Amino acid sequence: MPAMAGKTLYDKIFDAHLVAQGEGGEAVLYIDLHLIHEVTTPQAFAGLAAAGRKVRRPDRTLAVLDHNIPTEGQALGVAGIADADSRAQVEALKRNVTANGVPLFDLGDPRNGIVHVVGPEQGRTQPGMTIVCGDSHTSTHGAFGALAHGIGTSEVEHVLATQTLRQTRSQTMRVTFTGAPGPGVGAKDFALALIARIGTSGGTGYAIEYAGEAVRALSMEGRMTLCNMTIEAGARTGLVAPDETTFAYLRGRPGAPKAGAWELAIAHWRGLVSDPDARFDREIEIDVSDLAPMVTWGTSPQDAAPITEFVPDPETTDDAPRAAAVRRALDYMGLIPGQKLTEVTIDRVFIGSCTNSRIEDLRAAAAIAKGNKVAPTVRAMVVPGSGLVRAQAEAEGLDDIFRKAGFDWREPGCSMCLAMNPDRLAPGERCASTSNRNFEGRQGRGGRTHLVSPVMAAAAAIKGRLTDVRDFL
Amino acid sequence: MIPFTTLTARAAPLDIDNVDTDQIIPKQFLKTTQRDGLARGLFYDLRFDAEGRPREGFVLNDPRFAKTGVLIAGDNFGCGSSREHAPWALQDFGIRCVIAPSFADIFRNNALQNGLLPVVLPREDCQALMGEALGGNHLFSVDLERQTVTAPSGREFAFDIDANAKRKLMAGLDAIGETLAHSEAIDAFEVSQALRQPWMTPA
Ligand code: SF4
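One line per chain: the protein sequences are A and B, in this order.
Take the first sequence: its letters are residues 1 to 473, numbered as in our numbering.
Take the second sequence: its letters are residues 1001 to 1203, numbered as in our numbering.
Hint data in this document are derived by calculation from the structure and do not stem from the laboratory.
Keep in mind that a hint or two might mislead.
Stated by the list, open to error - Distance condition first, Cα-Cα at most 27 Å in a straight line; then the derived DSS-like pairs of lysine-lysine:
# : chain 1 : residue 1 : chain 2 : residue 2
1 : B       : K1031     : A       : K54
2 : A       : K373      : A       : K404
3 : A       : K404      : A       : K370
4 : B       : K1166     : B       : K1031
5 : A       : K94       : A       : K54
6 : A       : K94       : B       : K1031
As the list claims (entries may be wrong) - Derived list of chain A stretches under chain B, where covered just means 3 residues or more per stretch with a C-beta under 8 Å from a C-beta of chain B:
# : region
7 : 79 to 87
8 : 266 to 279
9 : 435 to 444
Stated by the list, open to error - In silico negatives: residues of chain B with every beta carbon more than 12 Å from chain A:
#  : residue
10 : M1001
11 : P1003
12 : T1005
13 : A1009
14 : T1032
15 : R1040
16 : Y1044
17 : L1060
18 : F1107
19 : Q1147
20 : T1148
21 : P1152
22 : S1153
Keep in mind the model is a prediction, meaning the values are calculated, not measured.
Using N, Cα and C, we set each Cβ at its ideal position, and we do this for glycine too.
Could you build the full structure based on these sequences and the hints that come with them?
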């Protein structure tokens, strides 16, 4: 009899959280951490109350305010939210968490910020955990070797009531990034290169594990960027096996294991790797040695190309549906086939979002901004991922660098990543953005988004057009 | 949840790949604390121009498709944000079934939680169905028990669906109720985890 193949990291975490085998092969999985925010929870709490149910584990639930809050005047609290509907959602969350004893980082609390920045920063996100949130970019937390993914509002209600989720097992895909990237190239470029390769539905049904020396060399911030973008490849979960980099990041954070428990935890975490003989349903390898900084030209994250390239020509493909999609995207984006990407002029720059608003992202962008000026035709904003990131950046003088260069320095939140708050593009405005989605209207109706890394965004702000950041190095 | 057994309705073709949830229901409609009333935001930017006037070319503005119960779409339908407002809006509009070559995972889950049937058929079949739908005023039938879609021409398309999803849709089951039947197992898991991994329980 052949020996049983080893287990993948995904399967290990999945199996360790199996509470029961539900009806019809669906697993009932225990959820270790449930992050919630104002936009995807009101209907879940309403459903809970209507059924006379309570939050089962308020101590494993953490609430933040991030999606629709303004990025100025947060010290004013709810009174500082001009939009009545946004205010109502924030008030609803505050009522709901109070009624259920769920901890909340309120507006103006330095610990508040984008949910996927806050969880790791507080040390609540830990290796081996199952983590869910009513937000698709929950995949971010997989950077710690946690099984983390986004859920819908009915599932939020399910987790609130039972602290479990019904799940069918995903297939597994390993993406190995080999080589060492050149200067100016990083995790965001890895992610865009992968999505350009496999497409936005290439990962559908899979849990992706990222491996290879280029991933091992990434900081936790970089790993979070990579796992964050996983959902844009269609996969709900992206994982990186924890290692010394992970442990060093977590040590001493408020939610991290203390004293004696820390050693116990580390011993356990070290076992969180895919077995050498584990089999993946799909394997992909990408060599990052020659990767150039990436930028999107279309309205899907898969519409990405190296900055050295040209806007594609839909007439050169025989694939009719693809040609139609490209034509539609270029029409929306107002781009001309064959145009050099570095000749595309921009109006706005957004540095922020759960993809790229952590301290390392801001440091990298500031290094490019330092001593330069934002082009007079561009409005650029920097929105830190949390109050603590903002405070850290200010302690390092990064805010000064940005302000002197002409960037607007804002308070934390999702901001122009999805433009539910007052930060948004006007119709036709073109933006170099460090966020994760360039869908039609994502950053404001009629707005045109080019996804880039923080250094590429900073470089674009200075030049007033899409730019190869390597010109600055 | 309303059970889904059979549906006989008109179908509208939406021949666009990667229709994301931002397109299905733009974010300005997410500020509600209710589940109802989202139909007015469905495909808002596709349906209406900047002045709020219906766009002529958009399929759901065509009187022939005003009362559609089935949407036939392109590949990777429902990608993007996890907002459950997307299936809520489709249903509020009267759509109870979406047929596409593939669906994004979270959308598919959210649809199933709400009694909205996602039917996966090969691209050629979807194209054939769209062709028939363009004929306009005809009825399509979806039979979940038999796992078939019948086009107005009488042509029948069989589809696969996960047995468990089918069972829940047909019975209109409340997932929370089902899971709470495992309460003892959840209690036991918590006790054992607290022993094995004490650091996991927040102080
Ligand atoms: S920053 Fe953007 S992607 Fe991230 S949680 Fe907020 S809205 Fe979602």
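Take a quick look at whether A:K94 and A:K54 sit within 27 Å of each other, Cα to Cα. Since the Cα atoms of A:K94 and A:K54 sit roughly 16 Å apart, the hinted pair holds (cutoff 27 Å).
Sort out whether B:K1031 lies within 27 Å of A:K94, counting only the CA atoms. holds, 15 Å
Please check whether the beta-carbon of B:F1107 is more than 12 Å away from every beta-carbon in chain A. violated, 8 Å
Okay, the region 435 to 444 of chain A and chain B, do three or more residues pass the C-beta test at under 8 Å? Coverage by chain B holds here, the residue count being 5 at a Cβ distance below 8 Å.
Per the stated criterion, does the least C-beta distance between B:T1148 and chain A lie above 12 Å, as a non-interface residue requires? holds, 21 Å
Would you say B:Q1147 is clear of chain A, with no C-beta pair closer than or equal to 12 Å? holds, 15 Å
Using Cβ atoms and 12 Å as the threshold, tell me whether B:T1032 really stays out of contact range of chain A. For B:T1032, whose nearest Cβ neighbour in chain A is about 7 Å away, the distance does not exceed 12 Å, so it is violated.
Status of B:P1152, Cβ more than 12 Å from any chain A Cβ: holds, 24 Å
Closest CB of chain A to the CB of B:L1060 still more than 12 Å away: holds, 17 Å
Going by Cβ atoms, does B:Y1044 stay more than 12 Å from chain A at every point? For B:Y1044, whose nearest Cβ neighbour in chain A is about 9 Å away, the distance does not exceed 12 Å, so it is violated.
Taking the minimum C-beta separation from B:R1040 to chain A, is that value above 12 Å? holds, 14 Å
Take the C-alpha atoms of A:K373 and A:K404, compute the straight-line distance between them, and say whether it is at most 27 Å. Satisfied, since the Cα-Cα distance of roughly 8 Å is no more than 27 Å.
Violated hints for the displayed structure, listed by number in ascending order: 4, 8, 10, 14, 16, 18.
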